[in-house]
Amino acid sequence: MDGKGWERVRMARLGGSSASRGREAAQLRQVSSQTVRLGRVQPQAPSHRTIYCNDREANLLARFKVNSVSTTKYNILTFLPKGLFEQFRRVANLYFLMISILSTTPISPVSPVTNVVPLSLVLLVSLIKEAFEDWKRFQNDIAINSTPVDVLQGENWETVSWRKLQVGDIIRVKQDEFFPADLLFLASTNPDGVCYIETANLDGETNLKIRKALERTWDYVFPEKASEFKGEIQCEQPNNSLYTFTGNLIVENQTLPLSPNQILLRGCSLRNTVHIVGAVIFTGHETKVMMNSMSVPSKRSTLERKLDKLILTLFGGLFFMCLIGAIGSGVFINRKYYYLGLFEDVEQQFNPSNRFVVSILTMFTLITLYSTIIPISLYVSIEMIKFIQCAQFINKDLRMYHAETNTPALARTSNLNEELGQVEYIFSDKTGTLTRNLMEFFKCSIGGVSYGVGITEIERGQAQREGRALNEIQKSDTVVYEKGFNFDDDRIMRGAWRNERDPEIFKEFFRCLALCHTVLPEGDESPEKIVYQAASPDEAALVTAAKHFGFFFYRRTPTTVQLRESHVEKMGNIQDVSYEILNVLEFNSTRKRQSVVCRYPNGRLVLYCKGADNVIYERLAGTNQDIKRLTREHLEQFGSSGLRTLCLAYRDLTIDTYENWNEKFVQAKSSLRDREKKLDEVAEMIEKDLILIGSTAIEDKLQEGVPDCIDTLSRAGIKIWVLTGDKMETAINIAYACNLINNDMKQLIITSETDAIREAEEKGDPVEISRVIRDSVSHDLKRCLEEAQQDLHIFGQKLALVIDGKCLMYALDPSFRVDLLKLSLNCSSVVCCRVSPLQKAQVTSLVKKGARRITLSIGDGANDVSMIQAAHVGVGISGLEGMQAVMASDFAIAQFRFLKDLLLVHGRWSYIRLCKVITYFFYKNLTFTLTQFWFTFHTGFSGQRFYDDWFQSLYNVIFTALPVIILGLFDKDVSASLAKKYPQLYKEGIRNTYFKWAVVGVWAFFAFYQSLIFYYFTTTASENGHNSSGKIFGLWDVSTMAFTCVVITVNLRLLMACNSITRWHHLSISGSILAWFVFIFIYSGVMTPNDRQENVYFTIYVLMSTFYFYLTLLLVPIVALFGDFLYLGLQRWFFPYNYQIVQEIHRDEVDSISRTEFLEIGNHLTPDEARSYAIAQLPREKSKHTGFAFDSPGYESFFASQAGVYVPQKAWDVARRASVRSSKRTSQR
Amino acid sequence: MNNSAAGTSSGSGDVSAPRRNSNRPKYSRFTQQELPACKPILTPRWVISVFTLIGVIFIPIGIAALRASTNVVEIVKRYDADCIPGNNTKAYKVAYIQDKNIDKTCNITLRVPKDMDPPIYVYYQLDNFYQNHRRYVKSRNDAQLKDRGKANDTSGCDPEDASNGSPIVPCGLIAWSLFNDTYNFSIGNQNLTVNKRGISWKSDRDHKFGNDVFPRNFQNGTLIGGASLDENTPLSQQEDLIVWMRTAALPTFRKSYGKIEQNLRENDTITVTIKNNYNTYSFSGKKKLVLSTSSWLGGKNDFIGITYLTIGGLCFFLAIAFTGVYLVKPRKLGDPSYLSWNRNPSGR
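Residue numbers (the working numbering), protein chains in the order written: chain A, 1 to 1229; chain B, 10001 to 10348.
Worth double-checking, as some hints may not be accurate.
Computed Cβ-Cβ distance ranges for the label pairs, DEER-style [claimed, not checked]:
1. A:W135 to B:T10252: 16 to 26 Å
2. B:P10330 to A:L94: 50 to 60 Å
3. B:S10022 to A:W135: 22 to 32 Å
4. A:L1128 to B:T10252: 50 to 60 Å
5. B:K10039 to A:F356: 27 to 37 Å
Quick list of in silico lysine-lysine cross-link-like pairs, DSS-like style, CA-CA up to 25 Å [what the hints assert, rightly or not]:
6. A:K981 to B:K10039
7. A:K336 to B:K10093
8. A:K628 to A:K209
9. B:K10138 to A:K336
10. A:K309 to A:K849
11. B:K10332 to A:K981
12. A:K336 to B:K10275
Just so you know, these hints were derived from the structure itself, not from any lab. Ideal Cβ positions, reconstructed from N, Cα and C, are used throughout, including at glycine.
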């Protein structure tokens, strides 16, 4: 939160608080369990708005919203009512409110103080917390609202604050500034009216996007000119769709259509442009960013739901106790006790002639008396504990800090800490989570010959498993290594390709790589220093590869791509060639390919296309079957090595063909309805009769430490499922590489790639296909289940299930669901491949709801959002990728391997701590209340209180409050390193060992036992005179004695529950006991006008003048704790918990202090680490892989679109620009 | 998370430049959860030593406490039945005690079992008397007791707040039901003086009962609950009342009556002349007269001593038993074979 300006804003609005999350998160949170809607376009309001640019008066009529935003939950007036309302929505608080009200009536045995004081303290703490958070939001709002911006006033720029902006204003935004509102982009200082923006605040993408103003408005850069601008904008009503915009600009009776390309959204920032001029369209809360922020429903942890049950049980217990007391009171009351003054006109609650009414009223009396059985401060304490756990422990854990991306872990919600200690199923995305999404050009196949000598990790792993020795080819000394390029083959490097059999096809291959992309070069135009801005790392890798092959792409203008080609005609020859890019047929998830039409300097017209194998193969010309066959073989080889493949193809075009087609293309481009669809159709017309060049293979590197982490987690009893959009072979290989599947496991495969299904698919009858798949899935499931039963129970073999998306679609059908669940729960690991985001979520909720186990989803991209939200705990990978997954997640970590720390250390500790806190709370309140209960039997069931009002009211909030919080923060059974060394310890959390009814029962038993000791020992021991002066104690002396014993015992009992005792424990426990004595010394020493307090006047001094006090003080706590001590001793001796054994094994070891360990990081890097560190230091493109075919094989986004998921389109302005220019040219001709 | 964007937002080219604004958390023992801590492990050795320690401490204390208690000479005499002539029904007893016209003097004799050294405390013990009943406990007004000016403040005293239209001082059921049996002791013909001063706690006398507050309109109602008070003695000197008003914790309780500051020899016979006025018959409560010496611990109460001895003995026994078990079948500390995943090879 210590960033500047917008960073802070973003935290507050997009991340930090639950009140208003980022648009992305919020938008994605709309996802219901049924459908996944990734930013679906909202239906537009029927009407539209008309904006008069540069004319404040005209706009006044429309009463547009102001530009100041408020993200606060409360204001000064509403804070108290609204804040209190929020608090009283909690049952416990409401209960205590009712008890407090009840205690003001005469039937109450206690004065209101007993319940009002703790309730108000609890409320006060909560309200202060709320106020503090809201204040921070308010500060943020102020900071944002008063950011200066230049507005056109007359003919001058005038600086005003953001909040003063109005719709229709013409403003100027300078470089690196944020857009204060949604703007219509009018003019830029850049030529061609373009500007670059960064949308990191919206979607986390840090690569620059290009926006382009309408040509008509390019001139309004300077104030003198801009002041003349009088346009009228007709556009849609404010909505939350970030990627769409429809509207028209009417200038001088000319209607110009507007597209998202001219819109600059609030929250983005301007880059690489001196300044731009824009007109304000939407302001304040009507901006698209703000329309997207909404409050997020929070998840509750399983433990808390269990806690609710415990509280309900307590209510049951309370009712039972009250019932006994009530019946007793009805029986007891009798006129024979004349000293009670039960005369004829006695009030109803003591009227012996109506025993039933007496019982009923006593019932209420007792409810107020025993209200302490419900731990009022429990929720507040838990909240505080969890908050500190998150803010101080998880967020600041150096073990989870990733130095390379400079990313610490982040707990985005604080109510799921303990859930992390009970996770049994992990659903993991593959790309970017298990793998690095660091794409390296690794191999290629050109003209039917495979090149590249590297061996992938997966191949190495495979070889190891099969016991084969791989003869590692020594890399030549001159091998170049660059991020994205890890390729070596003497046959083609350094121009050697010219000596191969068919050099022409190599040229096509390299030019295709160098031309057919949407990469933007940045920085110095030299091969060493250039930085490629790409939408996906695959693309950058391909362009980088082209560079190393001698086709250096160094400049892109709106219409051309310029290459520096070397060694093409003869060795050492370098020439700059400019290729004119006529059209760019963009990538999208349905097309799964991308093409460019370019014109060589010599006039040759070529269409270069690259895309997924199946898509390209469909569109190949019927010639040269050999290359097709060979390339197909290579593709399969590459695939099985875990490489990601793309096919490259080209087509020569005649001018006529092109001109014909281009006309249609231009038409499609300018159509207003279904533009995307029409463009796809037109593209289809030209992307045919392609000639296959070859294929590329890109290695997707595993993340650091993944196999080890997976191994540890599975030893911890966690089952890991990989849900990926990848091909089955790739997925299985990755699973092997990650240790998820090994050769000891039996693989059960359910796939749609069977002959029967293929046959049916070829016929193309959808009904038939679905029937065939259905039958096959049903059959497979049954077969696998049988095998599973047999193997698991008879041979004890571990099982791995592999299922593909298509089959999963049917298997998730309600009729098969049970079978699928049964089968998959028997498997140690499950790999689902080719699954859509929707299916990811479905699988997650299948296990979550069907098996009632705690699930965790981890992923990094937009396609994982639904899964992250569906699981009990969602974890996002932060650092490299886009923000979408992080925004939807509950915890964000930089690396998959940090899960080990997050779960085994933090989760486990949190779970154990929370369990202890809850059971301890339960115990201390039960003990306290039961002493009161026993006393009731000796007061004729009258409901007389045993303790003074203030004792009772401060018991929970002062005398026993702090130690339990300390316990919740610091208790540590085994150290972090041991928790990771013995991952099996985690199973105790999965089995919920520490919060079972048996555990609660044990605590309840000892509470019962102790309360009896407290009551009977203190009263019995006090019976006769207790001083050599022979004076006798009264009720309040005895009760003060008993209370002292309770406070001391309960605090000492906490100490016994601790596994590690820090000085904070000592401080808080002795502090609490001391607090009691200080309190009672003052309280009983002073007379106040307050009526009832004289009961306890001087009691403590009276007590302390007797030996009885000291003897009892020694006796009672020891006898009370005797049972617990014996139990703990026996339990440890004869039925030790695992953690206790581990404690004993390592009892002599000094806790390793990690400071040194952390300081050494960076000094002692293994070669591998050094390399990865070096890579991390290289310039890096940040991008999202989803929605891009090169992110092999694009199935995720493909399925997303199938499932009706709107995948954001990239504004590939390069393409648009190119086509605009070309269309202009065409029209000119 | 805000860093990743922040670090690179200035353009993607300069990421490799050294980062100044690192998000690396600062090391502190607190955040890394490495606070120095002692980690007690409840090993058998610990269990045994703790039990032994408790035994060692408790048994001497128990012996001392028990000795103190047994040294106390206590005479307890129940007289409620004896002081009503004949063996009668409850109804008769109630009628008898409520009849104002009967002289309820009765004589009982006590034999001193052992020499008793002064001061000898005289107590009365009531039974089945719920001084801690909610209606009873709150039926008083502390302000009125303390402050002369608050005589009219009888809130909470209902139904004994006023009689004949004017407030009662002291008001409330507690005061109203003040114990009114009286005892006169004599050995042979020699009267034993009972000192009724100093039987209440000083703090009560000094602060809770005013020395300028005098009883008024007390026991003037139709129903007489118990003793009446001398209207010329301030409340702070009405020690019987002060003792009575310190309500007892349990329905069976003793209250101080006075002190005998005179030696009593073994086998002395004490004649007690009791004015048996107080009605415990309607609720079948017992009345007992208690004469007791005191020790450093107080009156006769074996409970503390016995409990100390029992617990101490139990701890000793457990310590020995555990030592036995420990010697016969020692548990190796930190034996990995105890780990559940080692015990159960299938690993669950």
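What's the verdict on K336 of chain A and K10275 of chain B, does the C-alpha distance respect the 25 Å limit or exceed it? Satisfied, since the Cα-Cα distance of roughly 22 Å is no more than 25 Å.
Between K309 of chain A and K849 of chain A, does the CA-CA distance stay at or below 25 Å? Holds, at about 19 Å.
Pairwise beta carbon distance, P10330 of chain B to L94 of chain A, judged against the given window 50 to 60 Å: Holds: the Cβ-Cβ distance is about 55 Å, inside 50 to 60 Å.
Indicate whether the distance between the beta carbons of K10039 of chain B and F356 of chain A respects the range 27 to 37 Å. Roughly 58 Å apart at Cβ, these two residues miss the hinted range, so it is violated.
CB-CB spacing for T10252 of chain B and L1128 of chain A relative to the 50 to 60 Å hint: violated (37 Å)
So if I understand the rule, the pair passes when the alpha-carbon distance is 25 Å or less; does K10332 of chain B with K981 of chain A pass? It holds: about 21 Å lies between the C-alpha atoms, which stays within 25 Å.
Given a hint of 22 to 32 Å, does the C-beta separation of S10022 of chain B and W135 of chain A actually sit inside it? Holds: the Cβ-Cβ distance is about 28 Å, inside 22 to 32 Å.
Is the straight-line distance between the alpha-carbon of K336 of chain A and that of K10093 of chain B 25 Å or less? holds (13 Å)
Hey, K628 of chain A versus K209 of chain A, does the alpha-carbon distance stay inside 25 Å? Judged against 25 Å, a Cα distance of about 37 Å means the pair is violated.
With 16 to 26 Å as the target window, see if W135 of chain A and T10252 of chain B comply at their CB atoms. violated (60 Å)
Check whether the Cα positions of K10138 of chain B and K336 of chain A lie no farther apart than 25 Å. Given that 25 Å is the threshold and the Cα spacing comes to 19 Å, the pair holds.
Restraint check for K981 of chain A with K10039 of chain B, where alpha carbons must lie at most 25 Å apart: holds (19 Å)
Going through the hint list in order, the structure does not satisfy hints 1, 4, 5, 8.
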